[in-house]
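Model the full assembly from the supplied sequences, consistent with the hints where possible.
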Amino acid sequence: MIRYNEIEKLALERYNELQNIIKEKERTLHNAPDGILRVAKCRNTNQYFLRTNKNEKNGQYIKASNKRMAVRLAQKEYDSKVLEAAKKEYNSLGRLLNVYGNRTVEEIAGSLSYGKEELIKPIMQSDEDYIAEWLSQEYEQPDYYNDGKIFDNGHGIKMRSKSEVIISNILDEYGVPYLYEKPLWFNEYNKVLPDFTVLNVRKRKTKYWEHLGMVDDVEYFLKNAKKIADYENSGLLLGRDLIITYETKDKPLDPIQVRRVVEGFLE
Numbered sequence: 001m002i003r004y005n006e007i008e009k010l011a012l013e014r015y016n017e018l019q020n021i022i023k024e025k026e027r028t029l030h031n032a033p034d035g036i037l038r039v040a041k042c043r044n045t046n047q048y049f050l051r052t053n054k055n056e057k058n059g060q061y062i063k064a065s066n067k068r069m070a071v072r073l074a075q076k077e078y079d080s081k082v083l084e085a086a087k088k089e090y091n092s093l094g095r096l097l098n099v100y101g102n103r104t105v106e107e108i109a110g111s112l113s114y115g116k117e118e119l120i121k122p123i124m125q126s127d128e129d130y131i132a133e134w135l136s137q138e139y140e141q142p143d144y145y146n147d148g149k150i151f152d153n154g155h156g157i158k159m160r161s162k163s164e165v166i167i168s169n170i171l172d173e174y175g176v177p178y179l180y181e182k183p184l185w186f187n188e189y190n191k192v193l194p195d196f197t198v199l200n201v202r203k204r205k206t207k208y209w210e211h212l213g214m215v216d217d218v219e220y221f222l223k224n225a226k227k228i229a230d231y232e233n234s235g236l237l238l239g240r241d242l243i244i245t246y247e248t249k250d251k252p253l254d255p256i257q258v259r260r261v262v263e264g265f266l267e
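Residue numbers (the working numbering): 1 to 267.
Derived by calculation from the structure, the hints in this document are not laboratory data. Just so you know, these numbers come straight off a predicted model, no measurement behind them. Warning: the hint list may mix true and false statements.
[Said to hold, decoys possible] In silico DSS-like links for lysine-lysine, alpha-carbon gap of 27 angstroms or less:
#1 Lys-23 - Lys-41
#2 Lys-158 - Lys-57
#3 Lys-227 - Lys-205
#4 Lys-249 - Lys-149
#5 Lys-226 - Lys-162
#6 Lys-227 - Lys-207
#7 Lys-162 - Lys-251
#8 Lys-205 - Lys-9
[Stated by the list, open to error] Pairwise CB distance ranges (calculated):
#9 Glu-89 - Pro-183: 20 to 26 angstroms
#10 Pro-183 - Tyr-100: 35 to 41 angstroms
#11 Gln-19 - Ala-64: 36 to 42 angstroms
#12 Asp-250 - Ile-22: 48 to 54 angstroms
Ideal Cβ positions, reconstructed from N, Cα and C, are used throughout, including at glycine.
Here it is, written out as structure tokens:
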């Protein structure tokens with residue numbers, strides 16, 4: 001099901017875009033010349049005529065030296081049609097956005113009186129319920145997986161590197177739910193531990209995030225290149241399902257770049 005808040009977001013973006021178009025075209029039309037352009041074919045060239053009104057048949061010939069007038073008249077006609085279409089679409093979107101200003105079908109469950117919501121099956125979970133269920137996934141790791149987890153991210157999760165702590169803190173900053181080192185099974189014999197399993201709540205989309213902390217180390221790089229290949233061989237593609245960040249000894253993780261990655265994931 002397409003979520004109403006995705007439609008509302010796109011409609012609002014388009015609504016604001018149209019508002020700017022309307023303002024711009026009203027401004028240009030205010031400064032446009034009077035009259036209507038008529039174009040006539042003469043041999044292999046066009047001739048331009050200025051008509052003072054739509055009832056005038058021929059109009060006054062516009063000399064080649066004054067072609068700028070023809071350009072302005074043509075632009076005026078185009079801008080007028082754009083303005084008319086933009087206003088119609090703008091008004092239609094305004095009515096649509098008013099619909100979303102009221103209660104939508106997804107929100108009906110939360111409007112039921114005490115004790116009834118838990119008895120019904122809603123058409124879609126609320127974001128809060130979906131996040132809670134997603135975060136409640138249980139997974140266990142052998143004790144030896146905890147070796148090297150010495151960095152606390154400030155929320156009681158021990159991580160393997162300061163860079164992972166930076167990533168987790170930025171995910172928290174953007175309100176992105178995540179699970180740390182949750183096993184991902186490619187098949188019954190092959191699994192990986194993604195550094196982060198992250199959730200785009202708006203799209204209800206899960207992705208996997210691997211941070212490569214030593215890509216200038218050849219052995220480390222080759223090991224992780226195979227790991228990325230395992231992701232893609234299982235159908236989880238880089239960019240679509242898999243996020244990769246990296247650093248070297250001389251180029252540490254840049255928090256600004258991490259924020260850009262998170263913002264891209266949330267689009």
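Hints and how they fare:
1. Lys-23 - Lys-41: violated, 35 angstroms
2. Lys-158 - Lys-57: Status violated; Cα separation ~82 angstroms.
3. Lys-227 - Lys-205: Holds: Lys-227 and Lys-205 sit about 22 angstroms apart, inside 27 angstroms.
4. Lys-249 - Lys-149: Given that 27 angstroms is the threshold and the Cα spacing comes to 20 angstroms, the pair holds.
5. Lys-226 - Lys-162: Holds, at about 24 angstroms.
6. Lys-227 - Lys-207: Measuring from Cα to Cα gives roughly 15 angstroms; hence the hint holds.
7. Lys-162 - Lys-251: This hinted pair holds, its Cα atoms lying about 14 angstroms apart.
8. Lys-205 - Lys-9: Satisfied, since the Cα-Cα distance of roughly 17 angstroms is no more than 27 angstroms.
9. Glu-89 - Pro-183: 20 to 26 angstroms: violated, 49 angstroms
10. Pro-183 - Tyr-100: 35 to 41 angstroms: This hint holds: roughly 40 angstroms between Cβ atoms.
11. Gln-19 - Ala-64: 36 to 42 angstroms: Since the Cβ atoms of Gln-19 and Ala-64 sit about 39 angstroms apart, the hinted range of 36 to 42 angstroms holds.
12. Asp-250 - Ile-22: 48 to 54 angstroms: holds, 52 angstroms
Figure legend: structure checked against the earlier numbered hints; hints not met, in rising order: 1, 2 and 9.
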